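Start from the sequences, fold in the hints, and give me the full structure.
The listed protein sequences derive, respectively, from chains H and C. The numbering of the first sequence is the numbering used here, which starts it at 1 and goes up by one. The numbering of the second sequence is the numbering used here, which starts it at 480 and goes up by one.
A portion of the hints provided could be inaccurate.
[Claimed, not checked] Keeping only pairs whose Cα atoms sit at most 25 Å apart, straight-line, the calculated SDA-like set for lysine to any residue is:
no., chain 1, residue 1, chain 2, residue 2
1, H, K53, C, R495
2, H, K173, C, P634
3, H, K253, C, R668
4, H, K427, C, P634
5, H, K11, C, P669
6, H, K330, C, G530
None of these hints come from the bench; they were simulated from the model. Keep in mind the model is a prediction, meaning the values are calculated, not measured.
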Amino acid sequence: MNSKPRTLYEKIWDAHVVDKRDDGTCLIYIDRHLVHEVTSPQAFEGLRVAGRKVRRPDLTLAVPDHNLPTTPRVDAQGRRLPIADPESAQQLAALEANAPAFGIRYIDATAPEQGIVHVVGPEQGFSLPGTTIVCGDSHTAAHGGLGALAFGIGTSEVEHVLATQTLLLKQSKTMEIRVDGTLGFGVSPKDVVLAIIGKIGAAGGTGYVIEYTGDVIQAMSVEGRLTVSNMSIEGGARAGLIAPDETIYAYLKGKPMAPAGEDWEQATAWWRTLPTDIGATYDAVVKLDASNIAPNLTWGTSPEDVVPITGSVPDPASFDDPAKQAAARKSLDYMGLEPGTRMQDVPVEHIFIGSCTNSRIEDLRAAAEVVKGRKVADRIRQALVVPGSGLVKRQAEEEGLDRIFIDAGFQWREPGCSMCLAMNPDKVPPGERCASTSNRNFVGRQGPGARTHLVSPAMAAAAAIAGRFADVRELMGNH
Amino acid sequence: MQPIKMVEGRAYPLGRKNVDTDVIIPAPYLKTITRNGLGKGAFETIRAEPGNVFDDPEYQGAPVIIAGDNFGCGSSREHAAWALYDMGVRAVIAPSFSDIFSGNAFKNGILTVVLPQEAVDRLLEVAKTDPITIDLDHCTVTTPFQDRFTFAIDPFRRDCLLNGTDEIGLTLTADARISAFETRMAADRPWLAA
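Structural data, given as structure tokens:
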């Protein structure tokens, strides 16, 4: 047993070292591999060319999400509807063929469990505390909310994991981000992570694995933790972590792929040893006071461009760094915003509630609470709710959330990545503005020329009702 | 992977910070099932700007890009590295890179060279008129004006790049260790067998 106090990250890392080279590079075992249709075709092709097999198909789970239209997938007779875009259809067909050919479990586009990989993994109990989880998608960081070391990889690494169930990695530095206090009314986990990225910057976490700690994080639901950890990558960190606890165990118990019986007892006993030891140190520590966090939104084209809803569009000249000044000028030009404009005076045409950041049941409940008994403003051209998975959708329908959204003027869609990155038909037209619960406000992210503002589900709902950005605290009558 | 020792030639003086992978290759181009031909979509949004460096005949076919902080941030799409490779880029110089992008670049034989902002600023100046040389053997970036900047690179990555190592092949030489690890894992953490 190692006597030196260790962080959560160091414990998970140590438990997965297969081999260590003299230069410090480690061969790390991967416990769980999620595969989707966009970043895997070239990896499977690579295996085929080299005559290699998938080493552990039992530790691999494939599900399509990025390309799928969010309109109905079967007709009235239950027959599957074709995908109109031939390239999307081809990519989906490749995964459908590759999964069985390599013996990998596959959740079909029409299965009730289908959804965004980062919603499906936790929901199925495939993602577990203390495991190493990878996927050819940078938002794999989400699973860190369960206490797993989870990170996005490129397609060459996807192929490497398929062939060897390992990756060659160097140990990262550790950063503690501590959020203490109590969140105010109307302030959500999304606002917390936006505040964090606004503080550390889009490259602040580069080279680090972040562990989120403090009262606010401990009090968060599983959904909230997944939201926070999900956006670690927007702060530059490949992975985020939150120590597993009773909240996590209660969530995972009984999930279809989670351990059961004696295995469950053994698993939880080990998971309880994982939290960071007293006396362990981090390479960097960042602290935030929850009472200073307001409902936030972004104004520019980097997730670090964060302002509170009570704030205004910044003047590029207000930044110290000349490179940031230049970037801000370009961003404001792209976003069609003038310095000094109050964020609450910025009108919106599109609303997107969805993505691996904010499409879980709690997100939909938070948005529905704001929407209930109200109507989407006339100027809104498109208001989409895209549940993260078929199971989220079903639960929301059982709770009547779909009716609340539809009655208000939202569209209630099928699960997938949708308008987060516009690989499917859901797009924001050029020059139009979207209040989006997704994770990236990059140029062209939601379609060429689209203007994206990142917000929480409640804030997206408030923008839908007001037709402009609005302070959800005022709308809900409590400030 | 093709071995790489030296990259010489003109460089696109891009200079911007936070160049994300959606800018390097927009999502609609990710629908391909091959690694080839992505150069046509590279930097599409920047190329829509008048006077952009990528369409300036001065830099046509340059093998190097010089950028600001946090190059390659965002998505894990390896299509970004494939797109750069396809447009002839073999090295990117910046004060910092996203972790995932630099890994993807490395796996495709593209050098990511980290230099301090002052050195990057100087190279941006030189690149407007003259070629630069990146020597991986000596870990230097030099110019025709006697500038000489040394850079640090992970020794494992440097070896792989110089030798064109097939990483999967390398890992498979540790197959017995992986099997031994799996045996231990099955005993210690049996619940992991899904």
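Against the structure, the hints come out as follows:
no., hint, verdict
1, K53(H) to R495(C), "violated (42 Å)"
2, K173(H) to P634(C), "holds (18 Å)"
3, K253(H) to R668(C), "holds (17 Å)"
4, K427(H) to P634(C), "violated (44 Å)"
5, K11(H) to P669(C), "holds (18 Å)"
6, K330(H) to G530(C), "holds (15 Å)"
Hint violations for this structure: numbers 1 and 4, all remaining hints satisfied.
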